[in-house]
Amino acid sequence: MTCPTVEVTGRKVFLVSGYDMHLEMRLSKHRAGHEGLTDRQAVCSTCNASVEIEALQELQRSAKKNPDAVAFGYVMGKWIPAA
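If you read the sequence shown in the numbering used here, its first letter stands for residue 489, the second for the next number, and so on.
Treat the hints with care, as some may be off.
Unchecked claim - Listed below are the simulated SDA-like cross-link pairs for lysine to any residue, each with C-alpha atoms no more than 25 Å apart in a straight line: (1) K553 x S533; (2) K552 x M509; (3) K553 x S505; (4) K552 x M564; (5) K500 x C535; (6) K553 x G565; (7) K566 x P555; (8) K500 x D556; (9) K552 x G565; (10) K553 x E540; (11) K552 x E542; (12) K552 x C491; (13) K553 x C491; (14) K553 x H510; (15) K566 x L544; (16) K566 x E495; (17) K566 x T493; (18) K500 x Q548; (19) K566 x D527; (20) K566 x G498; (21) K500 x P555; (22) K500 x H510; (23) K500 x V563; (24) K500 x D527; (25) K552 x V563; (26) K566 x G506; (27) K500 x A551; (28) K566 x C491; (29) K553 x D508.
Keep in mind that the hints were calculated from the coordinates and are not lab data.
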């Protein structure tokens, strides 16, 4: 199982849990701004697949509170820095 790398608050982080990858929905790297994504989706930096993220706004808040973290996991309804 792969861990997607997504951009959150201007930096790339790994997601350990709390996501659903849609490999069949690969997005072209040439699409400016990744239009068409919902407010729960991001694009995996590694494989360019669509990634649906649980509580994306909460992940963004957790990433701002923990600027040194490079990985996050979704545990009991909260995003926790994992590394």
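Now for the hints, and whether the structure bears them out:
no. : hint        : verdict
1   : K553 x S533 : holds (22 Å)
2   : K552 x M509 : holds (24 Å)
3   : K553 x S505 : holds (19 Å)
4   : K552 x M564 : holds (20 Å)
5   : K500 x C535 : holds (13 Å)
6   : K553 x G565 : holds (17 Å)
7   : K566 x P555 : holds (17 Å)
8   : K500 x D556 : holds (11 Å)
9   : K552 x G565 : holds (18 Å)
10  : K553 x E540 : holds (22 Å)
11  : K552 x E542 : holds (17 Å)
12  : K552 x C491 : holds (20 Å)
13  : K553 x C491 : holds (22 Å)
14  : K553 x H510 : violated (28 Å)
15  : K566 x L544 : holds (10 Å)
16  : K566 x E495 : holds (18 Å)
17  : K566 x T493 : holds (19 Å)
18  : K500 x Q548 : holds (12 Å)
19  : K566 x D527 : holds (17 Å)
20  : K566 x G498 : holds (21 Å)
21  : K500 x P555 : holds (11 Å)
22  : K500 x H510 : holds (19 Å)
23  : K500 x V563 : holds (20 Å)
24  : K500 x D527 : holds (18 Å)
25  : K552 x V563 : holds (18 Å)
26  : K566 x G506 : holds (9 Å)
27  : K500 x A551 : holds (10 Å)
28  : K566 x C491 : holds (18 Å)
29  : K553 x D508 : holds (24 Å)
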